[in-house]
Amino acid sequence: MNKVYNRIESITGSVITVRADGVKYNELAEITTRFGKSLAEVNKIDGDVVSLQVFAGGRGVSTGDEVRFLGHEMQVSFTDDLLGRIFNGSGEPRDNGPSLAENLKPIGGPSVNPSKRILANRMMRTNIPMIDLFNTLVVSQKLPIFSISGEPYNQLLARIAMQADADVIVLGGMGIKYDDFLYFKESLGNGSALSKTVMFIHTAADPTVECIKIPDMALAVAEQFALQDKDVLVLLTDMTNYADSMKEIAITQEQVPSNRGYPGDLYSQLAARYEKAVDFAGSGSVTILAVTTMPGDDVTHPVPDNTGYITEGQYYLKGGRIEPFGSLSRLKQNVNNKTRKDHRALMDGMIRLYSEYKNTLEKKSMGFLMTKWDEKLLKYGEMFEAKMMDLSINITLEQALDLGWEILAACFEKDETGIKSELIEEFWPAK
Amino acid sequence: MTETRGKVVGINGNMVSVEFDGAVSMNEVCYVEVEGSRLKSEVIRIRGNVAQVQVYEMTKGIACGDKVEFTGDLLSAELGPGLLGQVYDGLQNPLPLLAEQAGWFLERGIYVDSLNGEKKWDFTPTAKPGDRVKAGEYVGTVPEGPFTHKIFVPFYLLGSYTVKSVAAAGAYTIHETIAVITDDKGKDINLTMSFRWPVKRAVNCYAERLAPTETMETKVRLIDSFFPVAKGGTYCIPGPFGAGKTVLQHTTSKYADVDIVIIAACGERAGEVVETLTEFPELTDPRTGRSLMERTIIICNTSSMPVASREASVYTSVTLAEYYRQMGLDVLLLADSTSRWAQALREMSGRLEEIPGEEAFPAYLESYIAAFYERAGYVRLPDGSHGSVTIGGTVSPAGGNFEEPVTQATLKVVGAFHGLSRERSDARKYPAIDPLISWSKYSSVVAPEQIEYCRNVMSRGVEINSMMKVVGEEGTSLTDFVTYLKSELLDSVYFQQNSFDDVDANCVVERQRYVIAKLVRILGSDYDLKEKDEARAYFNSLRQKFIDWNYTEFKSEAFATAEAEIDAQYTSGGGVLSSEAEKLL
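Protein chains in written order, with our numbering: chain Z, 321 to 751; chain B, 477 to 1061.
A hint or two may mislead.
[What the hints assert, rightly or not] Here are the simulated lysine to aspartate or glutamate pairs, EDC-like style, with alpha carbons at most 16 Å apart: (1) B:LYS483 x Z:ASP341; (2) B:LYS483 x Z:ASP368; (3) B:LYS536 x Z:GLU393; (4) Z:LYS683 x B:GLU949; (5) Z:LYS425 x B:GLU583.
Derived from the structure by calculation, the hints contain no laboratory data.
Throw the hints in and build the complete structure from the sequences for me.
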């Protein structure tokens, strides 16, 4: 039977130490305090001094509390019963359902052998034109949504969760407001999305250590579904909170900080999570979309900066819209040549005109005279923003392409668009 | 295995403290036994009877008291025929074989032979009994793909030896004895076709190290003409994320004029390795007409693989490069990204609780980076032939700021600097090498006076452009405006290059010389242009014609036609060559 220890040597923040023998690295323990039981994980062993991070935090832990080692690492139950359920960072239910203990799988497992991956080449439809048409999301891609606080990134995630053509949606919430949790519960709880969704939620009020476990739990479950030939979409919000939790724990354990207090292994830690995105040769896939809020809209902040080096592009959410200029899906050229033949040309053409519109807008604000061409651009820009960029638009790629042609036809003559004549002849809407 | 035994007394991340009895050497490889598997580790610090070791695998499940075996050997790579075309992890395990054993995931504790021990190679002896040989000299050869693979006297043998016998020509495996040599004391040593070499030690079995002088063609115009790299030289590519570091290395690995390319994917995305793996076997090497994969070795330790072997992967790659150099071949090592390697050093330094240097990087960062790049070089070999190792490393500076320790330490030791800029990549200019900050100490493939002339046009144009932002186009003189248009022309038709177009991406040196001469003529001429709009239209049309020209096959009919159009355009603008430019042609 597992040994029980009754003497806690030190308590610093959420990290406690006990003297114990035969303890394994990363093993779980259960600590019983006057506020109930909590899990704790071994994160350092020095001789017989074992350090554990307590999931529920160090508050109220007494030196006389009981610590019992469980002899296994952190695990998550994987069954189809997960679908429609909500859990916290310890794997306990957050809804009123039963706790699950069948078919336990370790979390944070090894990385996929690169020789077993295949090249990303399938489109993941989200029915959001700014994604599907202009920066196509590709199955097995990992993309962050760079954003500042206050932007509707959680609304965007919820919309993607409801509209995307994935078999399973896994939502991981880290340090989110309780209101946002309720919002997710409500919006995904209605309709067909619920039956294919699993949520792992850590709210801002929950203990820090649980926050760190959310991505691993979510990704371990996603990986298992993917191995059952499912296309899984993992939505994570907010990775900056996750990084901040790592920072908090690293500092508590007196690790030397590298950049703005973040631990030196921030890149590796983030990469280990993002690299779980995979298209298994001959099986399912994991695609990751992760919100990364940029403190002070600063893309050189360590979290967005390291993220940018790991991910395959980014969506840049600004002013409630996905910005066409800052955003980039690096894998889009793998798929947008086989959707519809006007896809690439329309994408380039519309963005080029939109950037001209931006220049005109600048000229206008400086008080220059508007030429006829400028007037056309202004009309185009406004239509583009209203009909394409609004996040509440829910249309298929094909509808979006048709809409694109309509907008062009409403604003310009054929030869003003700079698109190949052959395509114009085929797709230009008849008036 | 040595007699030394140890047991685990502490675990912190991937660093494990081991109490041992007997002798342990620094950087020795040991195995930690846990839950039925043995995890490869390396000794990185010794204090009293406690050694601190970095484990090349995930450390979960290790407990105090777990047994540790010491091997007495340093971390080493297996060298012999069969390395080309392989895809290895940082510890030289072939990834496809790991997949056969472990399936989807890289399960820990599984190690596979680096070279195929069953395969027979056609051996031709070159030494004969009685010959005197030294380490790094060869006793025979086998064909490997398009190359003649030399079978060496192992690099670790000190002093001279006498050949006692050499196997007859025939097919042998890498483990069969193909020669016996005798040392001065009369002791026999059996040689096979493969041997091991510690990766952290530079191979120095050459006769002499020479200055790198011959330019390595990358077929990238901006590099070869303006910021060239010499065979045996070093260069670095720092740039913020999304600036195109990996794409630039990828094109270089395809078109570079070298015999062998070693790609070290160090701490970067797995998807990019998959891209290379999918693409390369389909492509042909223009030099040999065979699959590009036959001249390539991929060492891949992607960002989610264990950090300690990320550090090893860089050394494994350079060791393989040095091995092929010893055969008189030109080898290019592309390391992407050296920052991830530096971060691996930082993580370990933190665990060792060393006093941190700038941005928490260890104090020895600079000397490690310098030692790594110094393993490049152009050398004369014992048999009189020449070989080279060229190293090109990307750097991923935090926040895109080049003032950080890794970029600065690298700039001190490399011979060329290709700095990528966010402005150029945002403007979709490829390659995004910033001509204003980059430099090279090697010699260009084009006449230096012509390059100097173009460079002056460029910097003058940039000056005028920034002035124009203040005073507007109206406040700029026509002469200045034309100079600005000329610099824009130079940028868009020569500096920029389409890496997706097979012709444009592969711009040979002869063509570069030809095109630069044409450009000097255009840039160095005065035109009969009355106003700015006319000038702009004139240069726009010239640019279009020039770009079309870039896409035509060199010396083809289309090439001549497109060139004639440019010439016609030049004449129509009333171009008169200035005497300054005329001297350069």
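Results of checking the hints against the structure:
1. B:LYS483 x Z:ASP341: With a Cα-Cα distance of about 14 Å, the restraint between LYS483 of chain B and ASP341 of chain Z holds, given a limit of 16 Å.
2. B:LYS483 x Z:ASP368: With a Cα-Cα distance of about 13 Å, the restraint between LYS483 of chain B and ASP368 of chain Z holds, given a limit of 16 Å.
3. B:LYS536 x Z:GLU393: holds, 8 Å
4. Z:LYS683 x B:GLU949: holds, 14 Å
5. Z:LYS425 x B:GLU583: holds, 15 Å
Every hint, counting from the list given before, is met by this structure.
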